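Asker: Sequence:
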Amino acid sequence: MSLRAGSPGGSIDRADVLVNALEERVRECVGAEDFDSWFASTPCRYDPSGSFIFTAQSPFRTKWIETKYGELLHGIARELCEKDVTLSFESAAEGAPEKTAAAGQAAFSRETSERFYLDDFVVGPGSRVAYAAATAVLEHPGKTYSPLYIHGPSGVGKTHLLQGIARHLRETSNLKVCCDSAESFTNRFIEAAGNRDLGSFHARYRECEVFILDDIHFLAGKKRTLDEFFSILESHLNKNNQVVLSSAIDPAELAGLPGRLLARFRSGLITPVEIPNFETRAEAVMRMAERKGYRLPSVTSEYLAQHVTDNLRELEGALNCLINVSRLHQSPLTLEMAKAALDEFLDLGGQPSSGGVGARNIIDIVLTHYGIEERDLLSAKKVRTVVRARQVGMYLARQLTPLSLTQIGTLFGGRDHTTVLYALKRIEECLGTDSALRSDIETIRSRLSVAHFH
1 MSLRAGSPGG SIDRADVLVN ALEERVRECV GAEDFDSWFA STPCRYDPSG SFIFTAQSPF
61 RTKWIETKYG ELLHGIAREL CEKDVTLSFE SAAEGAPEKT AAAGQAAFSR ETSERFYLDD
121 FVVGPGSRVA YAAATAVLEH PGKTYSPLYI HGPSGVGKTH LLQGIARHLR ETSNLKVCCD
181 SAESFTNRFI EAAGNRDLGS FHARYRECEV FILDDIHFLA GKKRTLDEFF SILESHLNKN
241 NQVVLSSAID PAELAGLPGR LLARFRSGLI TPVEIPNFET RAEAVMRMAE RKGYRLPSVT
301 SEYLAQHVTD NLRELEGALN CLINVSRLHQ SPLTLEMAKA ALDEFLDLGG QPSSGGVGAR
361 NIIDIVLTHY GIEERDLLSA KKVRTVVRAR QVGMYLARQL TPLSLTQIGT LFGGRDHTTV
421 LYALKRIEEC LGTDSALRSD IETIRSRLSV AHFH
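Mapping of the sequence shown onto our numbering: residues 1 to 454, in sequence order.
Note that these hints are calculated values from the structure, not bench results. Keep in mind that this is a model prediction, so the values were computed, not measured. Note that the Cβ used here is the ideal one computed from N, Cα and C, for glycine as well. Incorrect hints may have been included.
Okay, derived cross-link-like pairs now, BS3-like style, lysine-lysine, Cα gap no bigger than 25 angstroms in a straight line [claimed, not checked]: (1) Lys-339 with Lys-292; (2) Lys-425 with Lys-382; (3) Lys-143 with Lys-239; (4) Lys-292 with Lys-425.
Distance ranges between label pairs, derived from CB positions [as the list claims (entries may be wrong)]: (5) Ser-331 with Gly-413: 31 to 41 angstroms; (6) Ser-51 with Asp-197: 32 to 42 angstroms; (7) Glu-253 with Ser-435: 25 to 35 angstroms; (8) Asp-119 with Arg-384: 49 to 59 angstroms; (9) Thr-418 with Leu-262: 43 to 53 angstroms; (10) Gly-199 with Thr-443: 23 to 33 angstroms; (11) Asp-119 with Glu-253: 44 to 54 angstroms; (12) Glu-253 with Gly-199: 57 to 67 angstroms.
Working from the sequences, and respecting the hints, build out all of it.
Answerer: Next comes the structure, spelled out in structure tokens:
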């Protein structure tokens with residue numbers, strides 16, 4: 001495993017090392033899609049007293065991460081530290097800008113591969129200027145708005161715009177495009193400076209014709225990295241190259257930003273992207289569903305848009321949750337399913353969901369399907385059929401209920417959360433090649449669907 005964080009000169013900050021290692025393990029366990037939906041913009045810091053602190057951007061996100069992933073995070077953190085640790089989940093103050101990493105703190109980084117098309121961006125009242133500027137950049141790179149500086153809160157579409165620009169230019173021009181996150185930029189600089197070899201670093205960021213950097217608020221307070229960034233920015237602007245930047249906040253509010261850098265930003269275009277309104281959110285979630293191969297009825301998209309209001313990234317996470325329930329019932333994404341899947345997490349004061357599949361239903365149908373006794377399922381028996389039934393039950397409980405790893409382990413004979421995690425990985429590994437397993441799971445899902453609606 002390669003740990004990216006450190007400090008110039010080669011010394012390594014243990015807090016950054018631990019957070020980066022935690023990120024790698026979490027991404028591996030939950031997959032890229034869920035990681036991007038829930039962790040990509042969730043800052044995490046490590047306190048030397050032995051505590052990882054996650055700061056989500058809303059109570060909705062905080063509750064989801066703590067409930068769905070808390071035990072997984074705790075298990076990984078404990079293994080990394082080789083001792084017991086504590087986890088803390090908090091919500092950022094309402095209206096406060098996204099926190100940036102400081103001493104002992106690092107944010108989980110976002111993948112920088114261009115997975116967005118600009119044509120898929122849903123334009124609303126708060127994003128018209130930014131979108132118009134992005135399309136102007138595509139028509140005349142380096143000749144209209146450079147640098148183009150887009151700012152706004154987490155999850156409103158800044159990354160979509162930047163990656164859309166990068167992808168379009170890669171596919172339609174001969175320009176060499178570099179699109180990266182400011183955190184990746186910082187980590188690469190730290191590594192290069194520590195090795196006293198900036199050649200490959202400069203080759204990546206200077207020898208391009210379009211320079212795109214996401215989340216530059218991450219650079220605030222990092223003097224050496226800011227100096228290097230300014231040098232690269234100057235080089236591109238002097239050559240009339242296109243530069244596109246994004247940040248959580250207006251550049252005038254970035255702490256420790258040199259006046260010369262602010263002046264450079266102002267020489268181009270600075271434009272905000274605001275939290276999308278209801279109509280924009282409803283249209284956006286319908287587009288998200290289409291890209292995933294699903295048709296979302298307007299009444300369902302409106303329900304999601306009414307209840308998930310903070311940003312589009314959380315809206316996509318809510319949609320993913322709904323799609324899991326739809327797969328279970330093999331039915332369209334109806335309003336009833338949306339309520340069953342999301343009510344427990346949509347600010348209902350912690351009351352249990354009024355619908356959905358329960359773990360008890362799963363256990364009962366697994367027992368019937370495999371023809372085994374419950375005492376065997378919950379025992380330590382290693383008989384192949386019993387092990388398969390146990391692992392399938394754990395897998396479905398994880399997929400279809402909000403239960404944590406520890407809660408699932410308790411239901412299945414008081415097992416440790418690491419045993420549950422192993423079962424999940426085992427089933428996921430076998431699904432691609434084991435047709436009998438796929439058939440078992442689809443049959444059980446069908447029976448669960450019938451049981452739920454009758």
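Asker: Could you run down the list of hints and mark each one as holding or not?
Answerer: How the hints compare with the structure:
For the hint linking Lys-339 to Lys-292, the alpha-carbon distance of about 20 angstroms falls within 25 angstroms, and the restraint holds. Note on Lys-425 and Lys-382: the hinted pairing holds, with a Cα-Cα distance of about 18 angstroms set against a maximum of 25 angstroms. With a C-alpha separation of about 11 angstroms, the suggested pair Lys-143 and Lys-239 falls inside the 25 angstroms cut-off, and the hint holds. In summary, the hint linking Lys-292 to Lys-425 is supported, as the alpha carbons are separated by about 23 angstroms, within the 25 angstroms threshold.
Ser-331 and Gly-413 have their C-beta atoms about 32 angstroms apart, which keeps the hinted 31 to 41 angstroms range intact. In this structure the supplied range 32 to 42 angstroms holds for Ser-51 paired with Asp-197, their Cβ-Cβ distance being about 36 angstroms. Judged by the Cβ atoms, the range 25 to 35 angstroms given for Glu-253 and Ser-435 is violated: they are separated by roughly 57 angstroms. The hinted range of 49 to 59 angstroms is satisfied by Asp-119 and Arg-384, whose Cβ atoms lie roughly 50 angstroms apart.
At roughly 49 angstroms, the beta carbons of Thr-418 and Leu-262 sit within the given window of 43 to 53 angstroms. Between Gly-199 and Thr-443, the C-beta spacing of about 58 angstroms breaks the proposed range 23 to 33 angstroms. A hinted range of 44 to 54 angstroms is violated for the C-beta pair Asp-119 and Glu-253, which are about 32 angstroms apart. Remark: the range hint 57 to 67 angstroms for Glu-253 to Gly-199 is contradicted by a beta-carbon distance near 35 angstroms.
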